[in-house]
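S.K.: Residues in the sequence shown are numbered from 29 upward in steps of one, following this note's numbering.
Keep in mind the hints are simulated off the structure, nothing from the lab. Mixed in with the good hints, there may be bad ones.
Stated by the list, open to error - Each pair of labels, with its calculated beta carbon distance range: (1) Glu242 to Arg63: 31 to 37 Å; (2) Gly92 to Val238: 31 to 37 Å; (3) Thr255 to Arg55: 54 to 60 Å.
Where a beta carbon is used, it is the ideal one built from N, C-alpha and C, also for glycine.
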Amino acid sequence: MVDALEGRSFDRVLRAAIQRSGLGLERIRYRLAQRGHRVSVAALSHWQSGTRRPERRESLAALGPLEEVLDLPVGALTLLLGPRRSRGPGRAGQRRLPAASVWPSDPRILPLLRGVDAEDEFLVRLSQHDLLRVGADGTERSLRVRLVLRAARSGVSRLPVAYALDQPHSQGPEIRPVRHCSVDSAEYLPDLGYLVASLAFDRELARGDVIMVEYEVRCPAVEVPTTFYERKLRFPVHEYFFEVSFDPQATPTRCAWRMTDDKGATRGGELRVDQSHCAQLAVSDAGPGLYALHWEWEQAIRVGLAAQGG
29 MVDALEGRSF DRVLRAAIQR SGLGLERIRY RLAQRGHRVS VAALSHWQSG
79 TRRPERRESL AALGPLEEVL DLPVGALTLL LGPRRSRGPG RAGQRRLPAA
129 SVWPSDPRIL PLLRGVDAED EFLVRLSQHD LLRVGADGTE RSLRVRLVLR
179 AARSGVSRLP VAYALDQPHS QGPEIRPVRH CSVDSAEYLP DLGYLVASLA
229 FDRELARGDV IMVEYEVRCP AVEVPTTFYE RKLRFPVHEY FFEVSFDPQA
279 TPTRCAWRMT DDKGATRGGE LRVDQSHCAQ LAVSDAGPGL YALHWEWEQA
329 IRVGLAAQGG
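Starting from the given sequences, assemble the full structure and let the hints guide the process.
M.R.: Shown next as structure tokens:
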């Protein structure tokens, strides 16, 4: 069998081994799950057809048990993988801002981002809704994000999340999955106030699949009121909607919006706080760049604190 592997490709050897085993892909998936490895039927199908190959850490860890299930020599599949393929989107890829231009140049940030964003460029943002809740004391309470995504390639299963507190804090924000995702990893840098996390979808996406993902970031208790919200978009979003919900006892007297695109052009204007104490802005075909809301408190914070007995 080892001699037969020489000069052959990963997908050809895998396909031949599956045929020789007489096992269906669902049965192989089940046996891998029994051994503690989650590999979807779709992923197995892509591997044997050659349309994609295992590259994620979890997929590579499943190759040894897969060799066992298919009665292959130890290392037979791993040795055939060769060097990793480029994960770039090619000429038809999305416009994007480099991570280095979006986040601070602290040497710890970019390695964390690279560790979680390998699949980010293959997710097309159909819509994104950011809802920031501000308490009666004027501080951030939570940010809820709802995304509708379409996979530009098969095998996409994760979404990176980066969140920055207004100021560094010893206690980091808590990220909580709400719909169709779970927290795969999260790391917080307290001296910078930065959280970098990875969300795992509840299913691996095939090319063209659409998924709605929702998560919430809960902020630690702080004393300094916030006066702005910023979203840094690295990729285009077909429909971007952002909203700040203020407590009725602490509504700002003035609110404004500002956008800065990837070419440095800036525009903005006044924004009304409506009767439901919310400031809202919708942007169609939002390109990469910075989207921000700013507000002024004046007497509103003191009124809110007095109402709470502060």
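S.K.: Each hint: holds or not?
M.R.: For each hint, the structure was consulted:
no., hint, in the structure
1, Glu242 to Arg63: 31 to 37 Å, "32 Å, holds"
2, Gly92 to Val238: 31 to 37 Å, "34 Å, holds"
3, Thr255 to Arg55: 54 to 60 Å, "59 Å, holds"
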